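> The residues making up each chain are set out below.
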Amino acid sequence: MNLVPVTYKGGIYRHDEIMDLIEDLGGYIIQKHVLAQEVVLQALVPREDIELIARIGKPLTGEITPSPLVGTEIAVVTMSLEIHHLPHASCDVAEYVRRMGAKTNMVGLARGFGKRIAQLNDEERDVINEHDLAVYLLGDFETCIEHKFPVLRRGIHVPIIVLGGPSTETLMRIIDPPVDGYVGNVGRFMHRTKESEELEMLDQVVTEITRVLDKKREAIAKDPPSVSPARLMDIISSQVDEIHEVLSPTPITVQMTGLRVKLPYDRFAPLLKEIVIEEGITISEVAEILPSRMRDYILLRIKPFSETNIMV
Amino acid sequence: MDAIEYFEVESPEDAGREYYRRIADVVLLDHNLLRVIKKLHISIDPRIPLFIAVGVTKKIPRVIKVGDIADVNVQERKVTLSIGDETYLAPLLKILWAEYGGDKVVQPDRFTVILNIEGADGRQIEEIPVIDPSEALYKDLIYALLVIQPEGFKVRRQYYGKEKFYLVASENTLPENFEELVKEKFALMGETL
Numbered sequence: 001m002n003l004v005p006v007t008y009k010g011g012i013y014r015h016d017e018i019m020d021l022i023e024d025l026g027g028y029i030i031q032k033h034v035l036a037q038e039v040v041l042q043a044l045v046p047r048e049d050i051e052l053i054a055r056i057g058k059p060l061t062g063e064i065t066p067s068p069l070v071g072t073e074i075a076v077v078t079m080s081l082e083i084h085h086l087p088h089a090s091c092d093v094a095e096y097v098r099r100m101g102a103k104t105n106m107v108g109l110a111r112g113f114g115k116r117i118a119q120l121n122d123e124e125r126d127v128i129n130e131h132d133l134a135v136y137l138l139g140d141f142e143t144c145i146e147h148k149f150p151v152l153r154r155g156i157h158v159p160i161i162v163l164g165g166p167s168t169e170t171l172m173r174i175i176d177p178p179v180d181g182y183v184g185n186v187g188r189f190m191h192r193t194k195e196s197e198e199l200e201m202l203d204q205v206v207t208e209i210t211r212v213l214d215k216k217r218e219a220i221a222k223d224p225p226s227v228s229p230a231r232l233m234d235i236i237s238s239q240v241d242e243i244h245e246v247l248s249p250t251p252i253t254v255q256m257t258g259l260r261v262k263l264p265y266d267r268f269a270p271l272l273k274e275i276v277i278e279e280g281i282t283i284s285e286v287a288e289i290l291p292s293r294m295r296d297y298i299l300l301r302i303k304p305f306s307e308t309n310i311m312v
Numbered sequence: 313m314d315a316i317e318y319f320e321v322e323s324p325e326d327a328g329r330e331y332y333r334r335i336a337d338v339v340l341l342d343h344n345l346l347r348v349i350k351k352l353h354i355s356i357d358p359r360i361p362l363f364i365a366v367g368v369t370k371k372i373p374r375v376i377k378v379g380d381i382a383d384v385n386v387q388e389r390k391v392t393l394s395i396g397d398e399t400y401l402a403p404l405l406k407i408l409w410a411e412y413g414g415d416k417v418v419q420p421d422r423f424t425v426i427l428n429i430e431g432a433d434g435r436q437i438e439e440i441p442v443i444d445p446s447e448a449l450y451k452d453l454i455y456a457l458l459v460i461q462p463e464g465f466k467v468r469r470q471y472y473g474k475e476k477f478y479l480v481a482s483e484n485t486l487p488e489n490f491e492e493l494v495k496e497k498f499a500l501m502g503e504t505l
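Respectively, the protein sequence lines represent chains X and P. Heads up: the first sequence begins at 1 in our numbering, then just goes up one per residue. Heads up: the second sequence begins at 313 in our numbering, then just goes up one per residue.
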């Protein structure tokens with residue numbers, strides 16, 4: 001079954017029918033937002049059933065749109081959390097990408113600013129490495145980007161997309177060795193992005209993220225994870241009651257090959273290990289359960305099929 | 313609103329110059345400072361790195377006195393102040409309390425303050441200085457320049473007064489001749505420090 005990421009937007013009236021339908025079809029609901037009279041569902045659904053969901057949702061004023069970023073967790077790395085970069089540039093990008101379905105976390109570096117003085121500490125490095133992709137928001141001067149970027153990428157092994165003030169060509173020229181994606185003309189600015197050309201610029205960022213993630217998906221498809229992260233999410237949320245008391249918008253965050261479970265590691269890791277997925281196969285057999293560097297959360301990295309020889 | 317007479321951003325990088333021009337424009341507008349600045353020259357050299365902002369302000373309003381914001385009406389046993397502009401009411405009350413004591417200052421409504429004192433000199437009360445707007449203004453100006461400058465330039469020297477101001481900042485030690493550089497930038501605007 002080929003699951004594709006979609007966003008369903010519709011009225012709150014009878015939306016539970018749509019949720020049941022998606023689950024009955026074998027899909028997974030990653031996140032549900034209720035905004036006044038509207039419901040937004042981010043879900044993974046079987047490709048051949050999109051038509052059916054659209055038909056059933058139509059009388060409920062529901063709309064279903066593909067959103068390739070659902071089921072990914074993206075780090076938006078900003079050089080600091082000072083007024084120089086917030087709210088504009090950093091939040092604008094993070095929020096726009098979030099609207100496209102991704103779960104974005106903003107990583108504000110403690111000492112990312114400056115040219116000579118920029119640095120990245122081990123905690124920041126590890127937190128960024130827990131994501132599927134890192135979007136670096138850099139400044140307006142190519143001299144500075146060229147000088148500081150090697151420091152900021154040290155030890156990062158997830159795909160990187162660089163955003164900066166200089167043109168895309170300039171960014172490609174000055175960054176060596178190359179990174180996975182570049183979007184120029186998105187550097188430091190202090191105004192809200194609301195004009196059409198600025199929104200177009202944010203669309204370019206989303207396009208670039210989608211392109212890089214598609215490439216990553218292709219690579220993953222060659223050696224798929226032993227269990228789909230969405231399925232694992234479903235199993236954990238049905239078997240661990242405490243997860244329903246977590247107040248985060250996504251108590252279990254789905255990544256491309258893993259999950260972030262927002263429960264304390266010390267208490268819940270042994271519990272998660274023992275959970276049976278199917279036919280006696282436990283989570284510990286198909287995934288590594290690691291302490292996350294983000295608070296005291298749990299990070300699950302699902303092992304690929306080649307390592308476990310299990311596919312559930 | 314009058315436009316700024318002179319506004320230039322110089323930098324060896326063309327793209328960076330245009331972005332910083334926009335940033336400076338937005339920040340000054342957001343902080344409501346465009347109307348007080350007459351001339352502004354910003355120079356950013358990311359190679360050193362060094363940020364210099366020099367400027368001239370318009371005539372700044374003089375010290376605001378009690379007579380500017382209230383009508384003083386002296387009666388036999390009390391003085392009534394009818395407040396015209398309540399912007400500076402809070403600092404005014406603070407001054408009156410310190411001067412006459414909290415129990416002698418009564419405020420029956422928003423726009424009236426009564427001083428229960430005898431034999432006061434109305435002229436003298438009118439002359440009490442309430443606030444010096446230029447002090448706050450220059451502080452706002454320097455704050456705005458700190459927002460405009462690239463982040464991380466922690467070593468800085470600033471100056472304001474006599475309708476002129478400058479801010480020099482870098483992440484390294486400032487060059488020894490930075491005062492000459494500042495004078496050069498003032499000269500570009502046709503001014504002398």
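Possibly wrong hints are sitting among the right ones.
Covered by chain X, according to a simulated footprint, are these stretches of chain P (three or more residues, beta-carbon under 8 angstroms) [said to hold, decoys possible]: (1) 353-362; (2) 437-443; (3) 446-454.
Looking from chain P toward chain X, a few residues come up when the C-beta cut is under 10 angstroms (computed) [to be verified]: (4) SER323; (5) GLU325; (6) GLY328; (7) LEU345; (8) GLY464; (9) ARG468; (10) ARG469; (11) GLY473.
For the record, the hints were derived by calculation from the structure and aren't laboratory data. Predicted model only: the values in this text are computed from it and were never measured. For each residue, glycine too, the CB sits at the ideal point set by N, CA and C.
> Now, for every hint given, state plainly whether the structure supports it.
Outcome of the hint check:
no., hint, verdict
1, 353-362, "holds (count 4)"
2, 437-443, "violated (count 0)"
3, 446-454, "violated (count 0)"
4, SER323, "8 angstroms, holds"
5, GLU325, "6 angstroms, holds"
6, GLY328, "5 angstroms, holds"
7, LEU345, "14 angstroms, violated"
8, GLY464, "3 angstroms, holds"
9, ARG468, "13 angstroms, violated"
10, ARG469, "18 angstroms, violated"
11, GLY473, "26 angstroms, violated"
Going through the hint list in order, the structure does not satisfy hints 2, 3, 7, 9, 10 and 11.
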